[in-house]
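Undergrad: So the chains spell out like this:
Number of protein chains: 4
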Amino acid sequence: MTFSTSSRGVYAIATTPFLQDGSLDTASIDRLTDFYQDSGCSGITILGIMGEAPKLEPAESRAIIKQVVSRARIPVIVGVSAPGFAAMRSLARDAMDLGAAGVMIAPTPSLRTDDQIVTYFGQAIEAVGDDVPWVLQDYPLTLNVVMSVGVVAKIISNHPSCLMLKHEDWPGLEKISKLRAMQKAGDLRPFSILCGNGGMFLDFEPERGADGAMTGYGFPDMLTELIDLSAAGKRDAAHDLFDAHLPLIRYEQQLGIGLAVRKYVLKRRGVITSDAQRKPGLALSETARAEVDYLIARLAQRDKRAAF
Amino acid sequence: MTFSTSSRGVYAIATTPFLQDGSLDTASIDRLTDFYQDSGCSGITILGIMGEAPKLEPAESRAIIKQVVSRARIPVIVGVSAPGFAAMRSLARDAMDLGAAGVMIAPTPSLRTDDQIVTYFGQAIEAVGDDVPWVLQDYPLTLNVVMSVGVVAKIISNHPSCLMLKHEDWPGLEKISKLRAMQKAGDLRPFSILCGNGGMFLDFEPERGADGAMTGYGFPDMLTELIDLSAAGKRDAAHDLFDAHLPLIRYEQQLGIGLAVRKYVLKRRGVITSDAQRKPGLALSETARAEVDYLIARLAQRDKRAAF
Amino acid sequence: MTFSTSSRGVYAIATTPFLQDGSLDTASIDRLTDFYQDSGCSGITILGIMGEAPKLEPAESRAIIKQVVSRARIPVIVGVSAPGFAAMRSLARDAMDLGAAGVMIAPTPSLRTDDQIVTYFGQAIEAVGDDVPWVLQDYPLTLNVVMSVGVVAKIISNHPSCLMLKHEDWPGLEKISKLRAMQKAGDLRPFSILCGNGGMFLDFEPERGADGAMTGYGFPDMLTELIDLSAAGKRDAAHDLFDAHLPLIRYEQQLGIGLAVRKYVLKRRGVITSDAQRKPGLALSETARAEVDYLIARLAQRDKRAAF
Amino acid sequence: MTFSTSSRGVYAIATTPFLQDGSLDTASIDRLTDFYQDSGCSGITILGIMGEAPKLEPAESRAIIKQVVSRARIPVIVGVSAPGFAAMRSLARDAMDLGAAGVMIAPTPSLRTDDQIVTYFGQAIEAVGDDVPWVLQDYPLTLNVVMSVGVVAKIISNHPSCLMLKHEDWPGLEKISKLRAMQKAGDLRPFSILCGNGGMFLDFEPERGADGAMTGYGFPDMLTELIDLSAAGKRDAAHDLFDAHLPLIRYEQQLGIGLAVRKYVLKRRGVITSDAQRKPGLALSETARAEVDYLIARLAQRDKRAAF
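Protein chains in written order, with the numbering used here: chain H, 1 to 308; chain L, 1 to 308; chain W, 1 to 308; chain Y, 1 to 308.
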């Protein structure tokens, strides 16, 4: 498996495991890396928004990259979004030196006009170097930057080193269709589309032309099966599988506490030792944990992966 | 059924039906009113955000109030949120004169601090009159005003005429629990909580203390059954019903095109003649319509209400 | 004087005078209309953001238009920005029927991408009618919509009925230069540029190519002299006059309380009876009023218009 | 001079000088440090928003702290605002170890409710350590977090290590008056208030109770004289001095290009070698530079400090 414009399947958005005292949990990092791999993922994305990247010190970021890259046999993408290009360049060059397959870059939240967005990525790639393969992250709900289809197309056309779109516009199904239509018409070169947004529309996204998912839902093994079913044209089976998981997917996708749910599920599955987050971060109440338990118990009736 | 602090069940957020040419579709307004009533709703809320209120001329708003109030045998709430208090007062007084049971008021989007929000509602109620029963709408995702539990409690304590909270904070389950806990502790007087957000968390919200739903999902008949099941303590049955509908609920809850989905479902159910919206408004693509059809067909296998 | 693509000078942004009890002060409306005219203004803009338009009932808006248009011998522009196109159309058509010279339209705050903005004005003009002359308002600080030079150019090219840009981007001097350069290069048709932002950059804006000001500063008689001095090439004299007023201009331009300052100055000049605003609105503290008095007293030493 | 709750005068917001190629200009850092000191400043604040802090790599930040602290004989405050508490703590502890007098902390832009803001500073101080003296930065225009008077008072009451408020709310004169009134009434302990916002209201802020300025205007020598005049009760003289500088202060306070103006002025004064900024950053056009030159030439007629 390589990171390229034809990448498909599931790239796991990795959480960063901490112990209760807030220190990095390196044993869990290894287990998590193995877990993603054994779940059939085609890649792993680390140090993204859900990886609590801004809460890490620079040396910790490098240590995590080194550990995951050494252990993984699948491509590792490193989130390098930063308020300034000096830090972005530094992290990107270090990541590549440490063996990462590429980096992921999101627009900085202050950008507004089409020109500002296109210019920003021009400057970012000038800083990072056009030899570094990268993923364009399109996530308006959190980043507050809205990229039209035309802007995405322009960025991709301007930068051959952009191999993939992490698509998490919302609503976003039409955007996938329009980008794929532009390619069909010969107006846009090939690139991979993996979808985020917690997987909330992963029943329809592959049908629209997405190549898979890049998200951190606690059941990556289900996500890989879902993408395969969809690719095999087994529409009803794909939707059946998706629908069984949707109540939990929906619960996990709540802004702010979503990461707490995700870590709790991974802990219950035995992958990470603790569901602790570094501050600032929201914890689950007793009631919320019981609700997640109930959802998992209900899911277990339809998917044995949840029977733990 | 009355509009009071102990209101429960489902208040339908009514869409405003237009003909293809953009004119008001009065025949559909009657059918829609009957449909909500026959679905077991305890009330109807008109002229809300999803009722395209800002796209109506003042005379049209009055005509709609008159028509719905005359036909309905359940309480009618009228959305009166407006940029200025003169228009808010005028619409609220007219609504009450026309027989409405109460009004619904959302905070104006520029409010930021706790004080600003509390003061705003003080001024709003001074304008509208403290004899007008009202619903407090808490909808940060769209209105961009975040009300803490303390602020909601203060507004409710300040204004005895506030009978109900339309709860659509997201994530919002903890907020319900905390408000109900304040009441249990004797720190807050009684008020009804009905939940919005398209019903996305209506499996857990009643368990947390909500009295029901105030939303416009195309299957209000399912919503009323769901609330009844939950009230009867039939937890698994309630979740089974909810889960069957969640794929469609989720599809309908997309910001921007959600209203198009909702109107399309109501049209397919034969309730309204056209799914036209006034501009600005997003239409469904052919593919999106086919996706909704597919979701309805799948739903029909589990709920005969969808077999039309 | 006519409203056209070659309009120049000062269009006064009219405040709406209220009596202490919040009712419309029609006597002051007449005095204010005369005052703007006698100050040498080329036009008057009513029902803008600083005219407390959203706090008026529809019938009041019409009454104000009627009164000002009947009395003024200079063009009257009417602000018609509204959340929906039905209300916008209705007010615009009524305004033209009542004798207004044109209307002013600002983008709705939710717009983000270039396409969304261009489309919005397309729909607005379709609603209002392409026979209605209009002013494009570009005011990102308050409206939160950022229009690039390219977007402004596209809107102007798409709509021959757009005769003027109300420029109040901030910072915005380069935008004027770039738009004028596009015209020089033959890429953009003629249109008038009048500047807002309280006049904070009116020393340089005409030098960059602006045709004048559209703002409501309490000394419109100074603004007209300033534009004339600048047009006559008397650079130092223009800056001397501007600099004398800048401390007060700056004080008046404070978001939120700027209107209170403006009304207070107009009241002290004897133009309006009361500086009351309708709610919501911020009042000046005793200290703030004393500060304005001090600024006026200092100004009177350099400009006799302030010696009242 | 010490950093304490009774600090007064001017704390210069230091720019970070770069050479044309973007590398740190250490010679200019020394000259700039001397310049601020020789201008009568009581302190220097480094690595703030206008110090391009997010564009620096961690090692560079430390190098700058070391250099400025070693050279300065006045207190040095270090901006440590960061998206996560790990980086904030790390920079704060390093800064104190290197000899800084304290740190400055701004709220993270996502905060909305009063509780969220108060909690954030609680967590920040827990991370940084309550032995580190700090400045609370209140800058809603850029940070988009609005702190009411009550919230500021609560943070100051909660944290004895908070010695100073950097006040740059806008409009903000009433906030100073209210905080000082709370102290007079015995409801709030002493703390210093220095004002930012580019100095736009520094004629009135000391009269309201501010102890001075914390801003980076290119004439810190004027700022110190202004604060002294005001403290000596020479009101007219203070306003005369302020008014002479206001046209340039106003020009420099433009969001986005303000830093370019500031660096250009410091370069013209011979303090820094280049006005280069790291990307992203806006450069001055030829016309803009000529406008600044013109403003300086006009200023030189009234203040000989500008005659260079």
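It is possible that part of the hints are untrue.
Since the list gives no way to pick one copy over another, a pair counts as held whenever it fits inside one copy or between any two copies.
[What the hints assert, rightly or not] Pairs of lysine-lysine residues, derived as PhoX-like cross-links and limited to a Cα-Cα distance of at most 25 angstroms, are as follows: (1) Lys154 with Lys234; (2) Lys178 with Lys66; (3) Lys267 with Lys154; (4) Lys66 with Lys184; (5) Lys154 with Lys279; (6) Lys279 with Lys178; (7) Lys267 with Lys234; (8) Lys279 with Lys175; (9) Lys234 with Lys279; (10) Lys66 with Lys234; (11) Lys154 with Lys304; (12) Lys66 with Lys175; (13) Lys304 with Lys184; (14) Lys304 with Lys175; (15) Lys66 with Lys154; (16) Lys154 with Lys178; (17) Lys184 with Lys267; (18) Lys304 with Lys66; (19) Lys184 with Lys279; (20) Lys304 with Lys279; (21) Lys154 with Lys175; (22) Lys304 with Lys178.
These are computed hints drawn from the structure, not numbers from a lab.
Undergrad: For every hint, state whether the structure bears it out.
TA: Now the hints, each set against the structure:
no., hint, in the structure
1, Lys154 with Lys234, "neither (34 angstroms within a copy, 46 angstroms between copies)"
2, Lys178 with Lys66, "neither (38 angstroms within a copy, 44 angstroms between copies)"
3, Lys267 with Lys154, "neither (41 angstroms within a copy, 38 angstroms between copies)"
4, Lys66 with Lys184, "neither (39 angstroms within a copy, 52 angstroms between copies)"
5, Lys154 with Lys279, "between (37 angstroms within a copy, 21 angstroms between copies)"
6, Lys279 with Lys178, "between (40 angstroms within a copy, 22 angstroms between copies)"
7, Lys267 with Lys234, "neither (32 angstroms within a copy, 30 angstroms between copies)"
8, Lys279 with Lys175, "between (35 angstroms within a copy, 21 angstroms between copies)"
9, Lys234 with Lys279, "neither (43 angstroms within a copy, 39 angstroms between copies)"
10, Lys66 with Lys234, "neither (39 angstroms within a copy, 51 angstroms between copies)"
11, Lys154 with Lys304, "neither (44 angstroms within a copy, 47 angstroms between copies)"
12, Lys66 with Lys175, "neither (35 angstroms within a copy, 41 angstroms between copies)"
13, Lys304 with Lys184, "neither (40 angstroms within a copy, 40 angstroms between copies)"
14, Lys304 with Lys175, "neither (34 angstroms within a copy, 33 angstroms between copies)"
15, Lys66 with Lys154, "neither (33 angstroms within a copy, 44 angstroms between copies)"
16, Lys154 with Lys178, "both (14 angstroms within a copy, 23 angstroms between copies)"
17, Lys184 with Lys267, "neither (44 angstroms within a copy, 34 angstroms between copies)"
18, Lys304 with Lys66, "neither (34 angstroms within a copy, 55 angstroms between copies)"
19, Lys184 with Lys279, "neither (46 angstroms within a copy, 31 angstroms between copies)"
20, Lys304 with Lys279, "neither (34 angstroms within a copy, 48 angstroms between copies)"
21, Lys154 with Lys175, "both (14 angstroms within a copy, 23 angstroms between copies)"
22, Lys304 with Lys178, "neither (37 angstroms within a copy, 35 angstroms between copies)"
In terms of the numbered hints stated before, the structure departs from hints 1, 2, 3, 4, 7, 9, 10, 11, 12, 13, 14, 15, 17, 18, 19, 20 and 22, listed from lowest to highest.
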